[in-house]
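Turn these sequences into a full structure, and let the hints steer you where they fit.
2 protein chains.
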Amino acid sequence: MNTVVVGGGVIGLATAWRAALRGITVTVIDPAPASKASHASAGMLPPGHEELLKQEHVLRLCMTSRDLYPSFVAELEEFAPAGFRRDGVLDAAFDEDALQGLERQEALQESLGIRTQRLGPRECSELEPNLAPALGGLLSPDDGSVDPRVLNAALITAIEALGGTVVRRSAVRVGDHTVTLDNGDTVTFDRLVLAAGCWTHQIEGLPEGVIPEIRPVKGQILRLHSDPPVLNVTTRAFSKGSSLYLVPRLGGELVIGSTYEERGYDETVTADGTFGLLARVTEVIPSAGTLRFAEISAGLRPGSPDDLPVIGPTTVPDVYLASGHFRMGVQLAPVTADAMVSYLTDTDPDPVVLPFTPLRFS
Amino acid sequence: MNTVVVGGGVIGLATAWRAALRGITVTVIDPAPASKASHASAGMLPPGHEELLKQEHVLRLCMTSRDLYPSFVAELEEFAPAGFRRDGVLDAAFDEDALQGLERQEALQESLGIRTQRLGPRECSELEPNLAPALGGLLSPDDGSVDPRVLNAALITAIEALGGTVVRRSAVRVGDHTVTLDNGDTVTFDRLVLAAGCWTHQIEGLPEGVIPEIRPVKGQILRLHSDPPVLNVTTRAFSKGSSLYLVPRLGGELVIGSTYEERGYDETVTADGTFGLLARVTEVIPSAGTLRFAEISAGLRPGSPDDLPVIGPTTVPDVYLASGHFRMGVQLAPVTADAMVSYLTDTDPDPVVLPFTPLRFS
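For the protein sequence lines, the chains are A and B, in the order given.
Once you know that position 126 of the first sequence is 113 in the working numbering, the rest is easy, because the numbers rise by one and skip nothing.
Once you know that position 219 of the second sequence is 206 in the working numbering, the rest is easy, because the numbers rise by one and skip nothing.
It is possible that part of the hints are untrue.
Which copy is meant is left open, because identical chains are indistinguishable; a pair holds if it fits in one copy or across any two.
What the hints assert, rightly or not - The list that follows gives simulated cross-link-like pairs (lysine to any residue, SDA-like), each with its CA atoms no further than 25 Å apart: (1) K227 x G276; (2) K41 x K227; (3) K227 x T269; (4) K227 x A266; (5) K41 x R202; (6) K227 x G107; (7) K227 x F262; (8) K227 x D259.
Keep in mind that the hints were calculated from the coordinates and are not lab data.
Here it is in structure tokens:
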């Protein structure tokens, strides 16, 4: 069994690694693996993304991936460190509306069996002394983050250690069990997984409508640095109807995100994007101004027509899709990869992925 | 005649090049030439720096260097492009105080024979449509800028083309006509020029007091990018008692400076430094928010005890100083280099440099 995966972001790499673990011969095709959306990503692994959790089938998908993460990482770390931390996510409320939001979130998390601890203002500042005074907080001690740059590097290492191949070229066309590359070479496949984020539908050769349009949603993201780290745990700061996420790394990096911009395939980092993130982080961490400015970058999140992931077989035999993960690619990599491997090995996938079939757009 | 120059910033490189042109065998010693203060620098070449021009001897030094620049560049461009533009400097006033300041500046420039053109609000916006509405401006059409990164690269090319050597090591000690490097090697010299900016006085082996302390004054500087360039000419924006300089490059880069921070040898770029420059440029160029964020960097300006350059022989025979140029290293490179070459060839330097003798601190 020979599987080609087009796209070397976190979804494609996770799928290829899990497939290789099962003895499948894998080839990942990407002109610059691990360099796009998941390279920019903060890698937050919260109990869930507040808005999306209102949808029952998304909730189940997220919870399944959350449950899979520890064993996914443990198996991956037999090859290389994965940059996973499960030492807590703090949701901090900075106004009354946000505080009420935390109450709803607490109730939801309790109903899901997610360990949750309510914090008062003083407990928030004891946990995070560098945070501005919060009205209250919610700590989810079993959640955390993963560093997508470390994770993707580990996935590439693992794929290659298992005999898989990463081809640093663009895939331009799908034929009958072949993919044509930008240099004219062809690669044959038994099964094909298209996981090229917002570039997925640009591959030629498939009948119209087989791949829904996956539009790019730009996110600019800021990295500051301090030694020691300015925050202890992944933090979401809620105020004025929006949230800012702050993901600390043990090495001192603080990742701050992010913007949401619908501007086509524009990956430009702008003065405004940088300014806005700096303004917001300084509100939430008053001492942030003294931190080293380490990086501003941008990624294009893959947004499907209904903003939900697209996971499963297409109408073309042996051609599968794993794309459209929008803000949740890193979070949903384990559940997506395992579902894809089920399809590739002709076994039933976890039913949580069934609502995300590509066929819903047909 | 064999001259060693310690320091490969714009002052050391310009001195070495001018010496090599005169047939002197030159060796520049610097662990990373062209990477420090003059790499960060915007390279503005205005008629003068407002405050410093109040001092008659500084004024004469600046005017002499200004007169030398075109021929300095023309001779250098026989080796490589120098990135020089003499297409105007616009001083724009955004409040009444600044407008009065322009009147004083106009009177000064006219007394010096600097071509000067007074602009009304409409003429300012005709010249620079992307600038916020100004109350008035002053255009100095014969002034401009140089790109220090291009200039320094050209200087290194020219030095090497003339048989000079650039040694990428640190100089740690001066002995009797020898310099010891950080790898233990020694380099002999007939004459020695110390031009290592705020690191100049750290070289060991000379009697105490021979080199005044040259303190680091940190400047953070922002680079945005647009295509086409957002400004046509080098612009200084005056408001609220301070000025912001904006130096456009033909390739689309806009250099915006800068901060002044006395923090020792700290070259960290910070969130605050970045935020402050972004806030100020957005006030002056309302559309700047859409520009690409290209770079934030920091340099350490060399500040002597009286904040003025230190140019000339020391009390130690055959040891010369060219340092302490503070904000004016790029601007004063031609006059400094020519003066140093006069000393190295035992001829009288232009008397404009005499007030800047190192002996004033003895």
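Hint by hint, here is what the structure shows:
Taking the shortest alpha-carbon separations for K227 and G276, both the intra-copy value of 21 Å and the inter-copy value of 22 Å come in at or below 25 Å. In this assembly of identical chains, K41 and K227 lie within 25 Å of each other by CA distance solely inside one copy; the values are 20 Å within and 50 Å between copies. Taking CA atoms no more than 25 Å apart as the test, K227 paired with T269 passes in both settings, with 15 Å inside one copy and 24 Å between copies. Taking the shortest Cα distances, K227 and A266 sit within 25 Å of each other both inside one copy (14 Å) and across copies (22 Å).
Proximity of K41 and R202 under a CA criterion of 25 Å is satisfied intra-copy only: 23 Å inside one chain copy versus 59 Å between copies. In this assembly of identical chains, K227 and G107 lie within 25 Å of each other by CA distance solely inside one copy; the values are 20 Å within and 43 Å between copies. Proximity of K227 to F262 under the C-alpha cut-off of 25 Å is found in both arrangements, the shortest distances being 18 Å within a copy and 21 Å between copies. In this assembly of identical chains, K227 and D259 lie within 25 Å of each other by CA distance both inside one copy and across copies; the values are 19 Å within and 23 Å between.
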